[in-house]
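Chemist: Line by line, the protein sequences are chains U and L. Quick note on the working numbering: the first sequence kicks off at 21 and runs consecutively. Quick note on the working numbering: the second sequence kicks off at 1188 and runs consecutively.
Check before you lean on any hint, since a few could be wrong.
[To be verified] Quick list of simulated restraints, FRET-style, between CB atoms: (1) T214/U x E1358/L: 30 to 38 angstroms; (2) T22/U x R1328/L: 54 to 62 angstroms; (3) M1302/L x D178/U: 43 to 51 angstroms; (4) L1592/L x D178/U: 12 to 20 angstroms.
Hints in this document: simulated from the structure, not taken from any laboratory. Quick reminder that beta carbons are idealized off the backbone N, C-alpha and C, glycines included.
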Amino acid sequence: MTRLTAAFAGTRAEGRAALVTFVTAGDPTPAATNAVLDALVEGGADVIELGMPFTDPMADGPAIQAANLRSLGAGTRTADVLAIVRAFRAKHPDVPLVLMGYANTMTRPDPARFAAMADEAGADGIICVDIPPEEADTLAPFAAHGLDVIRLATPTTDARRLPAVLNGASGFVYYVSVAGITGLQQAAQASIDTAVAQLKAATDLPIVVGFGVRTPEQAAAIGRVADGVVVGSAIVDLVGQHGAAAPEPVRTYILSLSAALAAAKEVA
Amino acid sequence: MNVTNTLRAQPDDRGHFGQFGGRFVAETLMPLVLDLEREYRAAQADPAFQAQFDDLLEHYVGRPSPLYYAERLTDALRESAPEGMGAEIWFKRDELNHTGAHKINNCIGQILLAMRMGKTRIIAETGAGQHGVATATVCARFGLPCVIYMGATDVARQQPNVFRMKLLGAEVVPVTSGAATLKDAMNEGLRDWVANVHDTFYIIGTAAGPHPYPELVRDFQSVIGKEARAQMLARTGKLPDLLVAAIGGGSNAIGLFHPFLDDADVAMLGVEAAGEGLDKRHAASLAGGEPGILHGNRTYLLQDGDGQITEAHSISAGLDYPGIGPEHAWLRDIGRVEYTSVTDTEALDAFQLLCRTEGIIPALEPSHAIAAVAKAARDMPRNKVILANLCGRGDKDIFTVADALGFEL
């Protein structure tokens, strides 16, 4: 059983949704990132999405764009990102971590060598924003290394297209609840309920919902229908605001989210 | 499958030119990109679409553009050429188009597609502002709202075009991220698009981006090469020996080259911007880049070992982009087209040379092509013919050129 499968089995057994948390690697510096990741785990995060900084994050809103700039400005290289993964894996052997980012950094020097390096460092999978199913052969080496290739479904993914999105998906399905960039608007809960029901009818993979989730109340509402909730920009904003002192406020914030998800199970 | 021996049948059905091209976009955009491909295929098969395109090109854009023998430039270059050398230089005068560049050809085609798809809002990115002006122009012509993303650096160095876009009713949004040039404007255009897919059409300005953009931009720009081929045959009774065009993303070059790709005796030269020199800051992604994935396609990119995109530099805002259209990447790899590069200084010299010998003020983009033409002509016999694409006029660049030459305006 992979770490991702085990993590979702665990939260499902507890009758609650998983808390999936995103931060950008190297933000504010490569040396300061692992303390932020520790705070996520201490606050109750079940899955870590570690963003690979990129010069051209065209699917991201202002918060994560700024995090990418802070990270690259601090000199973060791919080797630093992998070192962060390695240190995280040593300290948290059971917490799944997936790398999230853009094709050009995930295919250097080539997909096979990057997949081997990510696997060796202890990553569990990848979320590549700009490789749709039509170009999925580019990512074949990741699956060959046993890494989960997480697919994204969106409000524009219609029923005709959904099978193509799910074909080859593993780990979980990331439902991008807003047609737009990260961190700006929140989708209407009713539209999320409908989309999650449709996805669940089409796959047994856990359905995780993200984009625009900031408050414990939002997280709880989504947690009542989905298998996981992603929070990203709100955490990244705290890192931007507090820099190297971010771990404490991040832990406090994550605790509020994980408590809300735990409480939501009784209503469900 | 009936495989014919042609170089003009690319890309394949997944939008790949060899290992290049493709559809590397976020899932949110993917259904729209597939819709666009379906709609483009339907338009290609619809004589009414082609008729409307042709009519607008003739009566609104002013096509066909002239084919012009540059006699005094030819003579000037022969003076410094070895005995018997100095090829004839001809220009395809796409700078005479409405709006002053080749960009309008593509914008006419794309806005017709947008309207077929029922889209009611247009967005675009622009570097030098020529594509922005062309997009704002067709939006005014068809009464659609228009938002143009333009790097803040380019807004500062292309003020005349910014004002033109505003006069035409477009909203110009300065983009401050990154180096605040064309690549950053494209990122912001993609962010707008992904948030407004339901009603918005993105008019991409060059032969790049996710499939089918490289193909359809090439097809709309191929009017340049189709006209030039017929005009050259009518005027000289033969095909040119060498085609030359400047390349940023590469739409004017592919528009000229594509109709000639199967003419084995026609050589082709694409000219990238070498900026301050290939060992310094430049925008020559074939000469100094490696294959990677950006803005919807796999192509040659200026990047570091981690895949971080490095900033391009050129005196020409229209060439200041760290990538290149995927069909050029493929044509370079199969050896059908040769690619070279020209520095800022060489382009400025060529700019002035054309002003003084022909009474034509070229844009800085084709000034790169003219510099390469000047080098090539001296090494070719007098009975050979070079055809270069004069893809834009230089009115927009007079402030940049004055600054570079030390004139106070």
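Chemist: Indicate, hint by hint, whether the structure satisfies it.
Modeler: Status of each hint after checking the structure:
1. T214/U x E1358/L: 30 to 38 angstroms: 34 angstroms, holds
2. T22/U x R1328/L: 54 to 62 angstroms: Since the Cβ atoms of T22/U and R1328/L sit about 56 angstroms apart, the hinted range of 54 to 62 angstroms holds.
3. M1302/L x D178/U: 43 to 51 angstroms: 23 angstroms, violated
4. L1592/L x D178/U: 12 to 20 angstroms: 57 angstroms, violated
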